[in-house]
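Chain residues, written in single-letter form:
There are 2 protein chains.
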Amino acid sequence: MSADWFRRRFLPRGPLPAPRPPRPRASPVPYRRPRFLRGSGSSSGPTDASRRPDARPVRSPVRGRSLPWNAGYAEIINAEKSEFNEDQAACGKLCIRRCEFGVEEDQEWLTLCSEEFLTGHYWALFDGHGGPAAAILAANTLHSCLRRQLEAVVEGMVATQPPMHLSGRCICPSDPQFVEEKGIRTEDLVIGALESAFQECDEVIGRELEASGQVGGCTALVAMSLKGKLYVANAGDSRAILVRRDEVRPLSSEFTPETERQRIQQLAFIYPELLAGEFTRLEFPRRLKGDDLGQKVLFRDHHMSGWSYKCVEKSDLKYPLIHGQGRQARLLGTLAVSRGLGDHQLRVLDTNIQLKPFLLSVPQVTVLNMDQLEPQEEDVVVMATDGLWDVLSNEQVARLVRHFLPGNREDPHRFSELAKMLIRSTQGMDDSPIQEGQVSYDDVSVFVIPLHHQGQGHSSH
Amino acid sequence: MSADWFRRRFLPRGPLPAPRPPRPRASPVPYRRPRFLRGSGSSSGPTDASRRPDARPVRSPVRGRSLPWNAGYAEIINAEKSEFNEDQAACGKLCIRRCEFGVEEDQEWLTLCSEEFLTGHYWALFDGHGGPAAAILAANTLHSCLRRQLEAVVEGMVATQPPMHLSGRCICPSDPQFVEEKGIRTEDLVIGALESAFQECDEVIGRELEASGQVGGCTALVAMSLKGKLYVANAGDSRAILVRRDEVRPLSSEFTPETERQRIQQLAFIYPELLAGEFTRLEFPRRLKGDDLGQKVLFRDHHMSGWSYKCVEKSDLKYPLIHGQGRQARLLGTLAVSRGLGDHQLRVLDTNIQLKPFLLSVPQVTVLNMDQLEPQEEDVVVMATDGLWDVLSNEQVARLVRHFLPGNREDPHRFSELAKMLIRSTQGMDDSPIQEGQVSYDDVSVFVIPLHHQGQGHSSH
Numbered sequence: 001m002s003a004d005w006f007r008r009r010f011l012p013r014g015p016l017p018a019p020r021p022p023r024p025r026a027s028p029v030p031y032r033r034p035r036f037l038r039g040s041g042s043s044s045g046p047t048d049a050s051r052r053p054d055a056r057p058v059r060s061p062v063r064g065r066s067l068p069w070n071a072g073y074a075e076i077i078n079a080e081k082s083e084f085n086e087d088q089a090a091c092g093k094l095c096i097r098r099c100e101f102g103v104e105e106d107q108e109w110l111t112l113c114s115e116e117f118l119t120g121h122y123w124a125l126f127d128g129h130g131g132p133a134a135a136i137l138a139a140n141t142l143h144s145c146l147r148r149q150l151e152a153v154v155e156g157m158v159a160t161q162p163p164m165h166l167s168g169r170c171i172c173p174s175d176p177q178f179v180e181e182k183g184i185r186t187e188d189l190v191i192g193a194l195e196s197a198f199q200e201c202d203e204v205i206g207r208e209l210e211a212s213g214q215v216g217g218c219t220a221l222v223a224m225s226l227k228g229k230l231y232v233a234n235a236g237d238s239r240a241i242l243v244r245r246d247e248v249r250p251l252s253s254e255f256t257p258e259t260e261r262q263r264i265q266q267l268a269f270i271y272p273e274l275l276a277g278e279f280t281r282l283e284f285p286r287r288l289k290g291d292d293l294g295q296k297v298l299f300r301d302h303h304m305s306g307w308s309y310k311c312v313e314k315s316d317l318k319y320p321l322i323h324g325q326g327r328q329a330r331l332l333g334t335l336a337v338s339r340g341l342g343d344h345q346l347r348v349l350d351t352n353i354q355l356k357p358f359l360l361s362v363p364q365v366t367v368l369n370m371d372q373l374e375p376q377e378e379d380v381v382v383m384a385t386d387g388l389w390d391v392l393s394n395e396q397v398a399r400l401v402r403h404f405l406p407g408n409r410e411d412p413h414r415f416s417e418l419a420k421m422l423i424r425s426t427q428g429m430d431d432s433p434i435q436e437g438q439v440s441y442d443d444v445s446v447f448v449i450p451l452h453h454q455g456q457g458h459s460s461h
Numbered sequence: 001m002s003a004d005w006f007r008r009r010f011l012p013r014g015p016l017p018a019p020r021p022p023r024p025r026a027s028p029v030p031y032r033r034p035r036f037l038r039g040s041g042s043s044s045g046p047t048d049a050s051r052r053p054d055a056r057p058v059r060s061p062v063r064g065r066s067l068p069w070n071a072g073y074a075e076i077i078n079a080e081k082s083e084f085n086e087d088q089a090a091c092g093k094l095c096i097r098r099c100e101f102g103v104e105e106d107q108e109w110l111t112l113c114s115e116e117f118l119t120g121h122y123w124a125l126f127d128g129h130g131g132p133a134a135a136i137l138a139a140n141t142l143h144s145c146l147r148r149q150l151e152a153v154v155e156g157m158v159a160t161q162p163p164m165h166l167s168g169r170c171i172c173p174s175d176p177q178f179v180e181e182k183g184i185r186t187e188d189l190v191i192g193a194l195e196s197a198f199q200e201c202d203e204v205i206g207r208e209l210e211a212s213g214q215v216g217g218c219t220a221l222v223a224m225s226l227k228g229k230l231y232v233a234n235a236g237d238s239r240a241i242l243v244r245r246d247e248v249r250p251l252s253s254e255f256t257p258e259t260e261r262q263r264i265q266q267l268a269f270i271y272p273e274l275l276a277g278e279f280t281r282l283e284f285p286r287r288l289k290g291d292d293l294g295q296k297v298l299f300r301d302h303h304m305s306g307w308s309y310k311c312v313e314k315s316d317l318k319y320p321l322i323h324g325q326g327r328q329a330r331l332l333g334t335l336a337v338s339r340g341l342g343d344h345q346l347r348v349l350d351t352n353i354q355l356k357p358f359l360l361s362v363p364q365v366t367v368l369n370m371d372q373l374e375p376q377e378e379d380v381v382v383m384a385t386d387g388l389w390d391v392l393s394n395e396q397v398a399r400l401v402r403h404f405l406p407g408n409r410e411d412p413h414r415f416s417e418l419a420k421m422l423i424r425s426t427q428g429m430d431d432s433p434i435q436e437g438q439v440s441y442d443d444v445s446v447f448v449i450p451l452h453h454q455g456q457g458h459s460s461h
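First to last, the sequence lines map onto chains A and B.
If you read the first sequence in UniProt numbering, its first letter stands for residue 1, the second for the next number, and so on.
If you read the second sequence in UniProt numbering, its first letter stands for residue 1, the second for the next number, and so on.
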């Protein structure tokens, strides 16, 4: 993406053209649940049962089907917020080949390679909005993008330190001292590959949705194991935490209009055209009214962490670029997340104002060094969409994990049972620690990934 | 500042105009050392003595002169890097009045007010470059800007929580629930005032330098006590740390072309015109050469935390926007810091390419709650320009502090003695812990601020 491209795409000189009516050239993305749920209940469309919390089924893989690392999974559909469960999930083995062989990728279960060179594992959650299509496309696609991006740099991942030049055919010396000085490590290539994969996947989704005349977007949270490290890449408001006996460690941050306020305000400062005169980029404690004109009120602009006062002018009465607090915060009155995939066609209702220029598809990546961690018997990573974290804190989830696991050591399916129990806790069942009236009406999806005995066995041929 | 202003100022449409030759209308800013050093040795111009490390004097206030909170101070001039000591310092009492009285500010020692309402203290270090003028102007000016910005919001600082409307004359309800929901606290107003003060000071310096036909810039590091809290605001590569018996806590981060790489690369992505076709915004492990053309080499762009490989094109051979590592990293081959005051006229040598659009004057502010901290006998904040931190780590400074203070409890001047000892340690004297050959040839300035018995005594009438 170049700056010129950005300007052409988002800053038309004349009056904005009407959004192109979608011209479907491909068939729409069919709704489905993750394939690893097959056999665990109805898998297409919502259940016929009433959507009362106690009637919505909590689904998880059938007993006997094991996910990578014996991870657990469970999900529940929302309470009639949308027709479909807009969450999606994917997991599988990730086989990185040294060369491209052009193998067809017709299986969702990620056995993507014929000649494997490096093997990893992959777990991903996608929380869709504006329809289920983007999340389904992401679940179908992101692992392939990731594999492709990793294969493009895999030669650089073999050495202790990535070489300055990828192929050994450079006629000039490869200058390892410069790579050394910059402190570039193998894991930086994996981080770069994750960043590129999210962007590539975003482009694929944009093309596919346009072709099929569909719309929508989704968040993406990925955990990937590779060469003794666990990489967690997040774009959106899902969350991953590490739970150990004596430690609860966040492995991701949430990206919302609130947490990315300064970045978003700054873009509106640089390109005021993006707001088409309909919004103010300034933040106030509440939306201003005519009565506030001429008064000094609290405000923040893009360069400010603190607050100050300004004299209210007429333009300050416009609808705010970011409005509302916490769960209610919305970007341009429309979207609750500021990073994710898709949303290429999303506009503010009844306007031509686009959301996409304010959204980032690039994830933040954190790295867990499994060798240094020396995972113990009941150390797990819990990944979940925002429906879980809206009603349970990290500490509450950690307490539930620590309470559940020791009593269920013999059950080979215990991590899915734990995931189911976590979801039931969001519905006010199972002696849930949540407060009265705080049940989750959202889609909720949870992976529980056990770390014990996993870090060591990484293969590297 | 508006986006239009930014574009007019930095993005001329036609060929760039030659930089205006400075037309001095005011007399140049006279060189001086901080006034609180009066009587402690020669105070104007460099010493006549040779600049060998052992011959350059370490200066500190004369015995008997006490700085706010009995803080210590010491400085040393560089080893012939420049004619003058480009570091500057200021400290004093900060009296915030409820109304503007227009009192003349003719004293550097900051007794700025007739009717005080809130009282704080202020310590500041400025590390100049391109001449001493900007740092001197900042030392003369920033406290006044800060006082003015605090006085503009002081009414909002009286209540437990700032009111939505500053004056009580609003005809609409002041909606405390919105301020409550946003979690806006009194300290956010102080942070906002610090942010505004740095920007106001930057504008003053720009005007003054243009009027006097001088050039230059400086970093700024400020510690300010107010209502039981210590605020540390930093723009540049100076550093403040808290040293306690069992803890060393950084109170600031450094802002350099390396630490702000993504912000700087992003601006060049948005406005490629700023590079005038002379620089590449991409980062490579080293500057590329003709031999690299067509090869796949390691690179990073603005959206990447990780690294990837790209096929080298001709435009990648240009000089990099950010070049060099660590201490040697330079923005546009010119500047080692990415935040600070001044530099309004600074251009890349022999070009019209301006540095200023890439620089921020806004500081990062951290807050130390003195009441919660319960400072002990030998808890201090050490503030110093980069000359100290280039050769001593936070831990080394902490060890020197902990070793020095207990043995010097009786000396009322011990914090200045400690500051002098820290500076001598950068010169390889006094059993210095630094490694052979690692002496500092830079200007070095140090404040040591004792915290014991200080948090409690804050006045608030």
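Derived from the structure by calculation, the hints contain no laboratory data.
Quantities reported herein were computed from a predicted structural model and do not represent experimental measurements.
Careful: at least some of the hints might be erroneous.
Identical copies go unnamed one by one, so any copy, or any two together, can satisfy a pair.
Stated by the list, open to error - Derived pair list, reagent style DSS-like, types lysine-lysine, alpha-carbon separation capped at 27 Å:
hint : residue 1 : residue 2
1    : 356       : 227
2    : 318       : 227
3    : 310       : 227
4    : 289       : 229
5    : 289       : 318
6    : 229       : 310
7    : 314       : 81
8    : 93        : 356
9    : 81        : 318
10   : 289       : 93
11   : 93        : 318
12   : 356       : 318
Homo-oligomer pair classification [residue 93, residue 289; C-alpha up to 27 Å]: For residue 289 and residue 93, the Cα distance exceeds 27 Å both inside one copy (56 Å) and across copies (40 Å).
As a check of your reading, is residue 93 near residue 318 (CA-CA no more than 27 Å) within one copy, between copies, both or neither? neither (50 Å within a copy, 42 Å between copies)
For residue 93 vs residue 356, is the C-alpha pair at or below 27 Å within one copy, between two copies, both, or neither? neither (32 Å within a copy, 50 Å between copies)
For the identical chains here, do residue 81 and residue 318 meet the 27 Å Cα criterion within one copy, between copies, both, or neither? Neither. Shortest intra-copy (29 Å) and inter-copy (54 Å) distances fail the 27 Å Cα cut-off.
With 27 Å as the alpha-carbon cut-off, assign the pair residue 289 and residue 318 to within, between, both or neither. within (9 Å within a copy, 52 Å between copies)
When no copy is named, should residue 289 and residue 229 be tagged within, between, both, or neither for a Cα gap of at most 27 Å? neither (53 Å within a copy, 35 Å between copies)
Between residue 310 and residue 227, at a C-alpha cutoff of 27 Å, which is it: within one copy, between copies, both, or neither? between (54 Å within a copy, 24 Å between copies)
Indicate which option fits the pair residue 314, residue 81 if close means a Cα-Cα distance not exceeding 27 Å: within, between, both or neither. Neither way: residue 314 and residue 81 sit 37 Å apart in one copy and 53 Å across, limit 27 Å.
Same-copy or cross-copy closeness of residue 356 to residue 227 [CA-CA at most 27 Å]: neither (35 Å within a copy, 44 Å between copies)
Treating 27 Å as the Cα threshold, decide for residue 229 and residue 310: within, between, both or neither. For residue 229 and residue 310, the Cα distance is within 27 Å only across copies (25 Å; inside one copy 49 Å).
Between copies, within a copy, both or neither: which fits residue 318 and residue 227 at Cα up to 27 Å? neither (52 Å within a copy, 36 Å between copies)
Intra/inter-copy verdict for residue 356 and residue 318 if alpha-carbon distance must be at most 27 Å: Classified as within: same-chain Cα gap 21 Å, cross-chain 32 Å, threshold 27 Å.
Checked against the numbered hints given earlier, the structure breaks hints 1, 2, 4, 7, 8, 9, 10, 11 and satisfies all the rest.
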